[in-house]
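Colleague: So you can see what is in the structure, the chains are spelled out below.
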Amino acid sequence: MSILVIAEHDNASLVGATLNTVTAAQQIGDDIDLLIAGNGCDAAAQAAAQVAGVNRVLIADHTNLEGLLAENVANLVVSLAGNYSHVLTAATTFGKNFMPRAAALLDMSQISEISEVISTDTFVRPVYAGNAMAKVQSSDSIKFITIRTTKFEAAAETGGSATVEAVDAVTDSGLSRFIGLSSSESERVELTSASIVISGGRGMQNGENFHMLDSVADKLGAAVGASRAAVDAGFVPNDYQVGQTGKVIAPDLYIAVGISGAIQHLAGMKDSKTIVAINKDSEAPIFQVADYGLVADLFEAVPELEKAL
Amino acid sequence: MPAFISVSKSQRYLLYLSEIMSMKVLVGVKRVLDPQVKARVKADKSGIDLTNAKMTMNPFCENAVEEAIRLREAGSVEEVVAISIGAAKSEETLRNALALGADRAILVLTEEVLEPLAIAKVLKAIVEKENPDLVLVGKQAIDDECNQTGQMLSALLGWPQATFASKLELINGRAQVTREVDSGLETINVNMPAVISADLRLNEPRYASLPNVMKAKRKPLDKIDLIDLGLDTANRMTTLEVMEPPARAAGVMVASVAELVEKLRNEAQVI
Ligand SMILES: Cc1cc2nc3c(=O)[nH]c(=O)nc-3n(C[C@H](O)[C@H](O)[C@H](O)COP(=O)(O)OP(=O)(O)OC[C@H]3O[C@@H](n4cnc5c(N)ncnc54)[C@H](O)[C@@H]3O)c2cc1C
Ligand SMILES: Nc1ncnc2c1ncn2[C@@H]1O[C@H](COP(=O)(O)O)[C@@H](O)[C@H]1O
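So the sequences go chain by chain: A and B.
Position 18 of the first sequence, counting from 1, maps to 18 under the numbering used here, and the rest follow consecutively.
Position 170 of the second sequence, counting from 1, maps to 1170 under the numbering used here, and the rest follow consecutively.
For the record, the hints were derived by calculation from the structure and aren't laboratory data.
Any given hint might turn out to be false.
To be verified - Heads up, simulated DSS-like pairs for lysine-lysine below, C-alpha to C-alpha not over 25 Å straight-line:
(1) B:K1124 to B:K1219
(2) B:K1215 to B:K1024
(3) A:K219 to A:K273
(4) A:K135 to A:K151
(5) B:K1089 to B:K1217
(6) B:K1042 to B:K1129
(7) B:K1038 to A:K273
(8) B:K1089 to B:K1124
(9) A:K270 to B:K1263
(10) B:K1089 to B:K1219
(11) B:K1089 to B:K1223
(12) A:K151 to A:K273
(13) B:K1038 to A:K151
(14) B:K1045 to A:K219
(15) B:K1045 to A:K151
(16) A:K307 to B:K1223
(17) B:K1089 to B:K1042
(18) B:K1263 to A:K280
(19) B:K1263 to A:K273
(20) A:K270 to A:K135
(21) B:K1054 to B:K1217
(22) B:K1038 to A:K270
(23) A:K219 to A:K307
(24) B:K1089 to B:K1215
(25) B:K1042 to A:K135
(26) A:K135 to B:K1215
(27) B:K1024 to B:K1217
(28) A:K280 to A:K219
(29) A:K270 to A:K151
(30) B:K1223 to B:K1124
(31) A:K280 to B:K1038
(32) A:K273 to A:K307
(33) B:K1089 to B:K1038
(34) B:K1045 to A:K270
(35) B:K1167 to B:K1024
(36) A:K307 to A:K280
(37) B:K1054 to B:K1223
(38) A:K135 to B:K1045
(39) B:K1129 to A:K270
Assemble the whole structure, with the sequences as input and the hints as a guide.
Modeller: Encoded structure:
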């Protein structure tokens, strides 16, 4: 088994999801190469070489890869995939974007968002918003797989000593142009890597009230998340969203405030170790998954919580 | 300004208008279990029990249909064609798309549940017949949660893709798309024709009015047998079993914030 992991990085370092993907790769086999594609990504490649369990780091550093447009990344992956039995990447918006494209170009299927490796060709993946787990066996000669990162531990960031080899970048497809990225500014820890997350829902009533959650988050070193209803209503930006359509997270502690607990929200947080729900409706479905439930008005409970910490 | 310039300018403008006005959009819609219904695993673990279950149009496809109709209402698109691949009952989903405003529909009939790669091959075959300028799909089907079809279709067609769209503008024969990504909002600009996959915030889908539901019954709906397309749509994956997810242990209710904090500190030891 030789496995190619497509890394996600910000040019300077690896995104955490890549470390989870390396662990999934290790459960399949031990001959693991990591591809760093980007424009000015040498530092990320050097960081990747330190990751435990990685054999070789392949770096494709080219202006064509600015913005990591799906067409160009997929063509690059296609140019390398023939040497591998498995191609893996994290089921992040980066991975979900180029991976099916690369697979289809080689007439391969993709096994989306696996939560468990059973064998080199058999995997478990959640379906129906996590209400069922499907065990599937693939007959493709190259297995294109995306990883549900919360289901795999992070590989050690250091301890490895991979070689770094340059690979040819592909020519620009000319199909698509990268215009820009606008990220919401936050000094807080990133949602997917935080060990504590406090999320607000429609019950927060407006964006201003999210500052109450910020104060609690500051004390706990937590990240702030939200339900889709809170994002749709414009209380907070889209990258706060937890759930089937947003981010899937599994922190040690998840505090849901004014969130009813719809299936689609649970899909993004029910693997958290400890779940707290604060809701004024004792019948809210969120209480069914909560380890600790508090029936209370959030406008009283949250300030009280902040003081008690 | 000399007259000939203004004439040629307006001619060019007219040409440009007729070009954009004649645009055709193909929208992929999938019939799925209603998102409000909790999926139940069959006792024999062979799959999800859909007997008598409430089925509906995949929510992301509703966004795709809505966007296509808005483009037509804005005058940039002339025809909206909805397509579904599935069993005979998918006609309901297509009638729904027609009631929302699609002009006509195509149903590719198959009793088999196809993987996204196969769906993409079928869509490609239809694209080659219909020659749309734009294909809109949902970003993911909420049943199989693959999130692959749009990307695969654009790969097979050699077209650009713009996935997870929350905003779409057609400018000068190109599509400018805002995409919801993990770190915020990304903007790309793609050539046309293109495949675009809709996220939930692309728009707010309308409801079909009763008169439109009635009208939809008479709109054209072509049926094609999958076999007649002569494609290799064999699945690459076998589902060995479908299991219940592990259940969470029951929790407790606390009476006060003080009790909550005490439990988080001493019992759960997470703060
Ligand atoms: C295809 C699809 C995908 C989706 N994806 C996602 C997703 O990724 N993430 C997601 O979150 N949702 C998603 N949804 C939406 C989901 O179905 C719910 O609509 C959404 O999660 C509801 O958000 P909410 O709990 O904040 O709002 P509501 O359901 O309106 O709940 C608000 C809660 O706040 C409580 N409350 C109100 N005021 C107070 C107060 N003063 N004090 C205490 N409690 C109070 C209420 O009792 C209520 O329980 C998706 C839906 C679909 C169809
Ligand atoms: N059977 C189908 N018929 C028509 N369109 C489909 C079908 N399956 C998937 N699609 C389209 O592809 C999108 C993504 O589906 P998936 O890749 O399965 O998550 C859906 O939202 C539809 O727009």
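Colleague: So which hints don't hold here, by number, going up?
Modeller: 6, 14, 16, 26, 39
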